[in-house]
Amino acid sequence: MVVGSWRESPFGRFADVMVETADGTRTLLAPNDEVAEFVSGTYSFDRVVLGDVTVVHHVDGFTVAAPELEVRATLGGPAPFDWLLRLVPPRLSREPWWLRAIDPVAARLVAGVRTAGSAGNGRREYYGVRRTRRIAAVAGSFRGAPLGGVARLDPPVRFGFSSAPPTPQLVSVTTTIDMPR
Numbered sequence: 001m002v003v004g005s006w007r008e009s010p011f012g013r014f015a016d017v018m019v020e021t022a023d024g025t026r027t028l029l030a031p032n033d034e035v036a037e038f039v040s041g042t043y044s045f046d047r048v049v050l051g052d053v054t055v056v057h058h059v060d061g062f063t064v065a066a067p068e069l070e071v072r073a074t075l076g077g078p079a080p081f082d083w084l085l086r087l088v089p090p091r092l093s094r095e096p097w098w099l100r101a102i103d104p105v106a107a108r109l110v111a112g113v114r115t116a117g118s119a120g121n122g123r124r125e126y127y128g129v130r131r132t133r134r135i136a137a138v139a140g141s142f143r144g145a146p147l148g149g150v151a152r153l154d155p156p157v158r159f160g161f162s163s164a165p166p167t168p169q170l171v172s173v174t175t176t177i178d179m180p181r
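The sequence shown maps to residues 1 to 181 in the UniProt record's numbering.
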């Protein structure tokens, strides 16, 4: 599961959720048609469900409420490599040339994770990560089934060119998408 809580975007502030179930079904939970169209044009989904998607951040975690989904997560301390990410100046951390340069290193350090790649419909995408915290506990349900506890992400999710980190994390990231001309 990947929860997006976007403070700034061309669509304003919004939240969305990408879920891949054990049977491989990829679902996008999006707040409206405009967001759903853009996100599903960038990533691959088998289902798209529209409705209110709300993420509330707390000091020690966050909650998510969306169609078919309820999540309560508790945060732990810094995730592996958080200290390294904080050494990179904020402006540099989101520069596409930098993210292309470090992509091979990121892919070796964190299995399944990429910082630059080809997204859907000829789009190029870049992930500039600034901070990471471990998710220590999770509870909730998706489509009426309990989520279970915190577990390693294996196999990697298949929404786009990169997966989420294998150990559950809250990641502060700037996503840049270059559209084809």
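Hints in this document: simulated from the structure, not taken from any laboratory.
Just so you know, not all the hints are guaranteed correct.
What the hints assert, rightly or not - Quick list of the computed label-pair ranges, beta carbon to beta carbon:
no.: 1; residue 1: T25; residue 2: R91; range: 35 to 45 Å
no.: 2; residue 1: N121; residue 2: G77; range: 36 to 46 Å
no.: 3; residue 1: F161; residue 2: S9; range: 34 to 44 Å
Just so it is clear, CB atoms sit at the ideal spot from N, CA and C, and this is done for glycine as well.
We went through each hint and held it up to the structure:
no. : hint                    : in the structure
1   : T25 to R91: 35 to 45 Å  : holds (39 Å)
2   : N121 to G77: 36 to 46 Å : holds (39 Å)
3   : F161 to S9: 34 to 44 Å  : violated (20 Å)
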